[in-house]
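2 protein chains.
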Amino acid sequence: MTLNLEIQQRKSAIQFLENNDKEELTTLVDSMNSKEIIHLMGHLKRDDQMKLLTMLTPEDAAEVIEEIPEAQAVDIIEDLTEKEAAAILNEMESDEQADIIRELDLEDASAILEEMDPEEAADVRMLMEYEDGTVGSLMRTEYFAFEEHLTVEEVTVELRRNSEEYAEYPLKYIFVVSSSSKLLGVLQMQELLLAKGKTLLSKLIFQEVAFVYPNSPAEELSTFFKENDYFGVPVVTEDKTLIGIALRRDTLEAESERLAQEHLETQGIVGGEELRTMPVLLRARRRLSWLSVNILLNIVAASVIAYHQDILSSVIALAVFLPIISDMSGCSGNQAVAVSMRELSIGVVKPAEVLRVWWQELSVGLINGLALGILIGAAAWLWKGNMVLGLVVGGALSVNTLVAVSIGGTVPLLLKGFNIDPALASGPILTTITDMFGFFLALTFASFMLVHLTGL
Amino acid sequence: MTLNLEIQQRKSAIQFLENNDKEELTTLVDSMNSKEIIHLMGHLKRDDQMKLLTMLTPEDAAEVIEEIPEAQAVDIIEDLTEKEAAAILNEMESDEQADIIRELDLEDASAILEEMDPEEAADVRMLMEYEDGTVGSLMRTEYFAFEEHLTVEEVTVELRRNSEEYAEYPLKYIFVVSSSSKLLGVLQMQELLLAKGKTLLSKLIFQEVAFVYPNSPAEELSTFFKENDYFGVPVVTEDKTLIGIALRRDTLEAESERLAQEHLETQGIVGGEELRTMPVLLRARRRLSWLSVNILLNIVAASVIAYHQDILSSVIALAVFLPIISDMSGCSGNQAVAVSMRELSIGVVKPAEVLRVWWQELSVGLINGLALGILIGAAAWLWKGNMVLGLVVGGALSVNTLVAVSIGGTVPLLLKGFNIDPALASGPILTTITDMFGFFLALTFASFMLVHLTGL
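Protein sequence lines, in the order shown, are assigned to chains A and B. So that you can map any letter, position 414 of the first sequence is 413 in numbering that gives the first Met the number 0, and since no number is skipped, the others follow by simple counting. So that you can map any letter, position 70 of the second sequence is 69 in numbering that gives the first Met the number 0, and since no number is skipped, the others follow by simple counting.
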């Protein structure tokens with residue numbers, strides 16, 4: 000709960016920035032853990048964020064950039080000069096470089112790539128070709144690959160010579176490749192220690208090595224790592240050319256990230272990320288793009304009420320219940336949407352199983368529809384002392400709960416089946432249709448019973 | 000999209016179950032990947048699920064249980080006999096054993112623990128003491144610990160003797176402890192290979208070993224693994240007694256799981272998990288418990304309309320707009336809730352920063368409130384040719400959007416500050432208050448302008 004430490008850190012940081020005190024600033028940032036860095040960067044003004052990054056060494060700045068949320072990192076990188084941005088990006092891991100550069104506009108991206116270390120830039124260009132959600136978008140290009148004709152001693156010498164660079168490499172595996180970079184096999188680093196110096200790598204390798212393709216969906220990696228207790232798996236092209244490595248850790252992190260984005264999208268945050276440090280106009284515009292679709296759909300749904308205005312003016316009490324029917328149907332339907340999204344994401348259900356899901360929702364909808372209908376019907380009856388009003392309102396909510404869970408359960412599967420992301424669209428589709436049905440049911444039931452209701 | 004493989008697998012499985020064909024069933028299950036197992040188990044009847052698990056060897060059954068969603072696993076384990084359940088649980092990893100037994104009722108849990116291997120049961124009892132969301136709930140008890148006075152040779156002999164059991168152990172580290180199990184240091188497995196046989200472990204160890212406490216929040220582990228490139232970290236009590244190991248992988252998986260549950264809860268799935276294979280009554284009851292709170296709150300909100308019924312009967316056109324104002328305010332508010340939940344979860348905002356968040360929401364709410372107000376106001380004006388109606392309706396939505404984002408942005412922080420889980424409660428609180436305000440604003444504005452509106 001207390002903010003004392005964070006406030007103290009921020010005050011110090013701002014003071015060091017003002018005084019151009021590089022040394023103190025570096026000591027401060029080095030002493031902070033990742034939560035504290037995220038918090039500090041989330042509370043500095045844009046100018047101070049940029050100044051902080053340029054005052055630190057590129058290595059330290061890269062660590063800060065890797066800690067903070069990606070959307071924020073992209074914003075800051077965009078505002079730095081190309082030289083500054085390139086110096087920081089040079090120090091980052093290949094998959095994180097590509098994640099950021101993929102989000103920049105083309106012009107910024109190529110200007111920064113021009114300034115980067117040519118080898119790093121080439122890796123990034125390669126990684127950028129893979130779309131979000133593919134194995135390729137998760138892979139790293141830092142891995143050990145040696146040709147089969149090398150000896151243990153030659154490899155050991157090479158490893159020692161570049162030990163500083165290699166220290167950042169994530170893996171304990173060495174991949175063995177042909178002279179044309181085709182993957183031949185794998186060996187564990189410690190096997191090098193035990194083998195005689197003159198042994199050829201080709202004699203040591205384990206040949207039945209698992210691999211994945213860069214264009215496969217990232218989901219396949221999740222499945223792979225559930226099956227296999229490896230830290231990583233090589234990524235190869237169709238002709239088995241080794242191009243990267245995908246780590247279990249990166250796969251799990253990407254899965255968390257995807258879940259979080261999906262959640263934000265179902266709640267109407269277009270783009271799947273918003274931080275309140277982003278510019279107000281950007282935040283307003285993204286939220287509004289979803290809201291304005293919703294308001295149009297709302298007007299369409301409300302036209303059902305407008306069309307039956309004469310019934311409403313005879314039974315004004317109905318106006319009290321229309322928002323309740325709309326809201327409660329939305330609640331029931333959203334529960335069904337959430338369960339479908341969950342079942343899709345863990346794979347217990349496939350888009351083709353729409354009918355089965357519908358059936359399973361109907362049973363729950365029947366029970367809950369009756370319960371809710373009785374509750375609201377009783378409230379209406381008690382309020383106006385008119386049982387027919389209770390029947391009309393309760394009946395409409397009961398039937399509409401069935402409609403809501405049917406639509407809520409099936410729409411995510413249908414959208415997914417047509418390759419449309421269900422996160423953003425399911426909610427608005429659900430509420431529009433259930434509102435229309437709900438208003439229609441209540442007003443139509445009332446029109447049949449008008450003689451018992453007039454004047455309420 | 001196609002289900003052919005899964006349908007084929009299910010048909011075969013059902014046939015093998017009917018024929019009691021253990022061998023074929025085992026071959027089938029062994030050939031399936033984790034997605035296929037999840038799908039198969041999600042589509043078998045409860046009896047068949049249980050028969051499948053008892054026909055497989057306990058080792059294979061344990062693998063199936065570890066693949067399927069935890070909520071489903073718990074249901075099935077509950078229905079098996081204690082002996083069957085214990086045999087399967089014996090073969091599982093300690094953290095997964097504890098996850099499942101923690102969810103059983105006390106009676107079932109102790110009956111199964113009685114039947115389990117005593118050593119495994121003791122570990123589970125220890126793990127069960129730690130609440131969900133703590134480091135202890137994530138830790139495993141499978142780790143290598145040897146006393147400092149042992150030699151490399153003695154350790155190597157011991158490792159070889161139990162190599163089969165140890166093969167399942169997740170780590171490449173060896174922890175070195177005192178005779179009273181206090182953690183003294185760590186060494187990497189490969190160091191054993193390079194050291195002379197007579198060397199004492201105490202000579203080899205790295206003493207500045209990081210560690211965590213079992214009662215710390217699991218969040219701390221996430222932070223730890225962001226900072227440190229380790230596969231796992233030892234868990235020790237206050238007096239540095241080694242009691243377990245927490246793995247990066249388990250930490251990341253638990254984080255995904257927590258996100259998914261939080262998402263389900265915000266959509267009104269009490270308990271944070273529902274699979275449509277669960278019993279209908281359980282599913283209906285859990286959903287209804289949240290819906291019935293909502294309907295009561297809805298009735299409270301609608302009482303504002305009932306109270307102003309006289310205004311409504313003079314301006315019946317307003318009834319068309321009340322559900323729109325309610326729904327759109329809910330949408331705007333939920334966007335703010337989602338961003339607050341996200342910022343809380345990544346740590347860019349703390350509960351004490353309510354005022355800052357409020358300020359940041361007001362600016363977005365002002366822009367979007369104006370935009371939505373103009374849209375709905377124009378629609379009302381066009382429909383009835385009455386500008387005052389447009390002003391009343393548009394003004395109410397504009398102001399209420401400000402109310403909605405203020406409440407949506409701040410309520411999750413306030414709840415979190417009072418240690419209440421914001422996932423389940425934020426939505427209902429938001430919609431109730433915004434509905435009441437929205438209805439009140441529209442009806443009050445209308446009452447001031449009644450002379451210009453009567454008869455619409």
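Misleading hints may appear alongside valid ones.
Copies of the same chain look alike in the list, so a pair counts if it works inside one copy or between any two.
Claimed, not checked - Straight-line C-alpha distance at most 16 angstroms; calculated EDC-like pairs for lysine to aspartate or glutamate:
hint, residue 1, residue 2
1, Lys44, Glu17
2, Lys225, Glu62
3, Lys171, Glu190
4, Lys225, Asp238
5, Lys50, Glu83
6, Lys225, Glu66
7, Lys50, Glu81
8, Lys225, Glu69
9, Lys171, Asp228
10, Lys50, Glu95
11, Lys202, Glu153
12, Lys225, Glu252
It should be emphasised that the hints constitute simulated quantities derived from the structure, not laboratory data. Computed from a prediction, not measured in an experiment: that's the story for all the values here.
Going down the list of hints, with the structure as the test:
1. In this assembly of identical chains, lysine 44 and glutamate 17 lie within 16 angstroms of each other by CA distance solely inside one copy; the values are 13 angstroms within and 68 angstroms between copies.
2. With identical chains, the CA atoms of lysine 225 and glutamate 62 are at most 16 angstroms apart between copies only, with a shortest distance of 11 angstroms across copies and 30 angstroms within one.
3. Taking the closest pair of Cα atoms, lysine 171 and glutamate 190 come within 16 angstroms of each other both inside a single copy (10 angstroms) and across two copies (14 angstroms).
4. Taking the shortest Cα distances, lysine 225 and aspartate 238 never come within 16 angstroms of each other, neither inside one copy (26 angstroms) nor across copies (36 angstroms).
5. Only within a single protomer do lysine 50 and glutamate 83 lie at most 16 angstroms apart by alpha-carbon distance; the minimum there is 11 angstroms, versus 64 angstroms between protomers.
6. In the homo-oligomer, the alpha carbons of lysine 225 and glutamate 66 lie at most 16 angstroms apart only across protomers (8 angstroms), although the nearest pairing inside one protomer, at 27 angstroms, exceeds that limit.
7. In this homomeric assembly, lysine 50 and glutamate 81 come within 16 angstroms of each other (Cα to Cα) only inside a single copy, at 15 angstroms, whereas the closest approach across copies is 64 angstroms.
8. For the identical chains of this complex, lysine 225 and glutamate 69 are inter-copy neighbours only, at 15 angstroms across copies versus 26 angstroms inside a copy, given an alpha-carbon limit of 16 angstroms.
9. In the homo-oligomer, the alpha carbons of lysine 171 and aspartate 228 lie at most 16 angstroms apart both inside one protomer (14 angstroms) and across protomers (13 angstroms), since each shortest distance falls under that limit.
10. Taking the shortest Cα distances, lysine 50 and glutamate 95 never come within 16 angstroms of each other, neither inside one copy (22 angstroms) nor across copies (47 angstroms).
11. For the homomeric pair lysine 202 and glutamate 153, the shortest alpha-carbon distance inside one copy (14 angstroms) is at most 16 angstroms, but the shortest distance between copies (31 angstroms) is not.
12. Taking the closest pair of Cα atoms, lysine 225 and glutamate 252 come within 16 angstroms of each other both inside a single copy (14 angstroms) and across two copies (11 angstroms).
Of the hints listed earlier, those the structure fails to meet are numbers 4, 10, in rising order.
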